[in-house]
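Asks: Residues per chain, in single letters:
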Amino acid sequence: MIVCVFLALINGILIGASRAINGRLSVDVGVVRASFWNHLVGFIFLTLIIILIQGVGQLTKLTVPPFAYLGGAIGALFVLINSYVFKKLGAIKTALLVISGQMITGVLIDYKSGHALYTLGQCLGIVLILLGVYLSKNASLKLPQTKIRVNNLNSANFNTSLEK
Amino acid sequence: MKIKSIDIVMGILAGVLLSLMIYCNSIVAKGSTPLSASWFAHLVGMVVAFFLIILFARKSNTIHPENKMSRAPFGAYLGGIPGALTVVLASITVNGSLKLSSSIALMLVGQVFFGVLVDVLGWFGIFKRKLALLDYSAILLILIGSIIVVVFRP
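Protein sequences appear in the order of chains A and B.
At position 86 of the first sequence the residue is numbered 86 (my numbering), and the sequence of numbers has no breaks.
At position 129 of the second sequence the residue is numbered 129 (my numbering), and the sequence of numbers has no breaks.
Take the hints with a grain of salt, since some may be wrong.
[Said to hold, decoys possible] Result set (BS3-like, lysine-lysine): computed pairs, CA atoms no more than 30 Å apart in a straight line:
| hint | chain 1 | residue 1 | chain 2 | residue 2 |
| --- | --- | --- | --- | --- |
| 1 | A | Lys137 | B | Lys130 |
| 2 | B | Lys130 | A | Lys88 |
| 3 | A | Lys87 | A | Lys137 |
| 4 | B | Lys99 | A | Lys112 |
| 5 | B | Lys4 | A | Lys137 |
| 6 | A | Lys137 | B | Lys128 |
| 7 | A | Lys87 | B | Lys4 |
| 8 | A | Lys87 | B | Lys2 |
Keep in mind that the hints were calculated from the coordinates and are not lab data.
Starting from the given sequences, assemble the full structure and let the hints guide the process.
Replies: Take a look at the structure:
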């Protein structure tokens, strides 16, 4: 079980790593090309993994409903937007925002499938998430704590110093 | 430096898209395996990205720096490998002894933890950023909120 805990954490780190690597690449070649390279390399890698572990035979059983094409297309878009946000906001905020989007979508899907009682509890979580998103917009990662003027509590001044 | 609302919206949109993508892929995976579903998704994504390049990015959006020293290293092209690995790992942990909500929560923690390292230590060539109190609060709120959402899943 401790192995699974470890693997799940590693999984999260891998997600963060792919985000950071693609973001770095997109600085050089742009977000669209970065998405292309991500999918190409991932495709080659998965082909190898399938040949080594699963066996090519499984692929022939692959039924491809129209859904499947949508998943891949959305994926291309996702990496594109992810790299863009990574360049603008950095690793932490990107991770937090993507997670927030996932949670909100999850709750909406759960609500639509008619589990109102549970989603009431989930709403509390969503409120916290939205509060966190609001805070992350108004915090500047570049301002160390010491630079905020604590002796001048005039809120107008406080806001302008954050906006500059 | 002011953070634009549009960037925030894009970040959340990315999360929405990711959920939709996982949902689509899981449907395909039911008929076969997660590996095959992801393999196909990568293939489609590759083709779609290629067309996006032709449509929108044919003129160099490329900003290859003149100075060779500041160019991305070869490793920057390998972002697809950890991305594909997550599918492999997810398939392993799903059949493991961990509850789904726990593994999701751990993945969230892993992502944010790694993000903190990248931002604070300046890995992957981005500018080092210092964390302010509000940033810690945002991290805590979103993590705790997410765990609540996951725990209360029907």
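Asks: Next, verify each hint and record whether it holds.
Replies: Taking the hints in turn, this is what the structure says about them:
no., hint, result
1, A:Lys137 with B:Lys130, "holds (15 Å)"
2, B:Lys130 with A:Lys88, "holds (15 Å)"
3, A:Lys87 with A:Lys137, "holds (15 Å)"
4, B:Lys99 with A:Lys112, "holds (24 Å)"
5, B:Lys4 with A:Lys137, "holds (8 Å)"
6, A:Lys137 with B:Lys128, "holds (18 Å)"
7, A:Lys87 with B:Lys4, "holds (13 Å)"
8, A:Lys87 with B:Lys2, "holds (14 Å)"
In this structure, none of the earlier numbered hints is contradicted; all agree with it.
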